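Student: In case you want the letters, here they are:
There are 2 protein chains.
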Amino acid sequence: MKREIFVGRVGIGGVHPVSIQSMTNTAATDVKGTLAQIRLLRQAGCDIVRVAVPDKTALAPLRQIIAKSPLPVIADIHFDAALALQAIDAGANGIRINPGNIGSNEKLKGVIRLAGQKKISIRIGVNGGSLEKKYRKAGLSLAQAMVRSVLDKIKFFEDQDFFDLKISLKSSNVRETVAAYRLIDRQCDYPLHLGITEAGTFFTGSIRSAVGIGSLLLDGIGNTIRVSLTASPVREIKVAREILRALGLLDRGVELVSCPTCARTAVDLITLCERFEEKIADLDFPGLLKVAIMGCEVNGPGEAGDADIGLAFSRSRAFLFKKGKIVARLEPDLALDSLYDLVCAAAREKKHG
Amino acid sequence: MKREIFVGRVGIGGVHPVSIQSMTNTAATDVKGTLAQIRLLRQAGCDIVRVAVPDKTALAPLRQIIAKSPLPVIADIHFDAALALQAIDAGANGIRINPGNIGSNEKLKGVIRLAGQKKISIRIGVNGGSLEKKYRKAGLSLAQAMVRSVLDKIKFFEDQDFFDLKISLKSSNVRETVAAYRLIDRQCDYPLHLGITEAGTFFTGSIRSAVGIGSLLLDGIGNTIRVSLTASPVREIKVAREILRALGLLDRGVELVSCPTCARTAVDLITLCERFEEKIADLDFPGLLKVAIMGCEVNGPGEAGDADIGLAFSRSRAFLFKKGKIVARLEPDLALDSLYDLVCAAAREKKHG
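Residue numbers (the working numbering), protein chains in the order written: chain V, 334 to 686; chain X, 334 to 686.
Some hints could be false.
The list makes no distinction among identical chains, and a pair is therefore deemed to hold if it is satisfied within one copy or across any two copies.
Simulated pairs of lysine-lysine, DSSO-like, Cα-Cα distance not exceeding 30 Å [unchecked claim]: (1) Lys467 to Lys365; (2) Lys571 to Lys612; (3) Lys486 to Lys683; (4) Lys656 to Lys612; (5) Lys452 to Lys488; (6) Lys658 to Lys470; (7) Lys389 to Lys451; (8) Lys389 to Lys470; (9) Lys470 to Lys655; (10) Lys486 to Lys684; (11) Lys655 to Lys467; (12) Lys612 to Lys684; (13) Lys658 to Lys467; (14) Lys571 to Lys623; (15) Lys656 to Lys470; (16) Lys365 to Lys623; (17) Lys655 to Lys365; (18) Lys623 to Lys470; (19) Lys467 to Lys623; (20) Lys440 to Lys452.
Hints in this document: simulated from the structure, not taken from any laboratory.
Note that the coordinates shown come from a computational prediction; the quantities given were computed from them, not determined experimentally.
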């Protein structure tokens, strides 16, 4: 088990569930816009938000953002230790720095000292794209070089008696990223922040993140995640939640299982499933509900019966399942509404019973 | 290394690259529509196509489809051994059956015998949703049960001197699926067909497939893949290719690396990247080209310099990189066109030089 740290009220490591982070992309001086985006992120399921602090003009707005943010705020700082000190002073619940670019060791010590006094955690974020040249030695893979770099940095923090760390080793190469996290996971007990950096646009980036972050989480590696997309931060949360859900690590909402269509499918399943997803988009299901919608009699009854609630079509009929038992035989046209009613009833049951 | 088998001219296992499959969802009797879909699939990058054969009316159309298909065709058959025999007779390059539902052992022997005579390969596809009850024993995980089931089936085929097999162990549960493939990978040398079955709609299914298939491929498990989506088969290919590309297993096309935007980003990177993706959508790059588009000076120069061709923005300038060296300093407005020109030039160079 990893050491437990906190970003505001959100625990990371220890027995805490995997948390989801994102980063605002509003202007650093736009308090209103940034807060609006943070509220949207929270609504989408974000646990922790990161805000870049590019220069001094961002500090006064940062203080206001932190004061009103419904989520714990991590200040992201590069190149300037003085900014880090001032961001901590502004009330940041955590900071993210790359110790390799923050300035002299003395300056870094000052940052660590203040973070210790304020009892906030620090993410040491090593990125393949900005790795110091001295670690890029012949014979070392990028993953090994990133791990050496971060181990040196961890030692520096430990020498200052600072242990409220989380670690990230991001690279735009999925294999190198996974290799780096697998290596560091065995070499320290600090919680790990997972991400594929520079992952790309919404589609490409979602796939790359799902492969990289998913592979690691599958083996129990990773305590908090951020899906980086060249897209709206809210979409990052959507992808992050779906990755967690795929691995049974998200315990809220409706999980829809549906079959690829084939020549056996007698109904327009693609449209049916999309309509069902739209219908349940705003349903706040208090727990996890597995729903299956299946188009034929090959895997249909099996999957539909395994789900909490299932719908399986044959050529002329639809069969509605609840907890493995057929509860209704229906005309296919009526099936979707009946399924939705059953899901809503299950939500009411769960809430009140 | 896995045993080498063939589906038509496409090799699976051995030293062959991971191939991509999909399945038509046109009506089984619609020869013209099915062939049109197969052509679209091929254009999208599909290597092998599967066609469901739900009943006897599908057999004559199947024969015509196979004769004209630009891709090797696998006939997908359930419940009826006679259909399997006739599909082989119709020229199928491979068949996919679930030996658990195809009928008596004698009937199965007949199918195996004919496949052997015609020298075609068979996929033994065990699905969690249709696993025989006898394997669902207390104390066995679904993964263990699927593996026991398939090992029994493999033995049956081997007893008939048939070895041109590939194996799939699909389930809608990502963890169980990965666990099952990891288990079977160590227990036989037959090539493995990977997929997450009933993965869901385009978005959900893409993420679930990327996590499951990606995790396995990352560790060298899997020889051919099919992304199952409740969506158009062509979109399945798009996702499959992106999963392979994320792991460096697809050696064609432009791989775009781009940063998530943040308060440091001075240009509209989301729009820029989307426009670049549109511009290159039809570019047939003969090899792999890594292109980075980065919004700021933190990771920008590193990632842009690591890529074959890169573009990094600062507040007021854009820097164009080729093979790690800055080749132009540009006004941000001109950067995208210059980048595109450089990519096209690289494509011409690669083709002719």
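Student: Honestly, which of those hints from before does the structure not fit?
Tutor: 1, 3, 8, 10, 16 and 17
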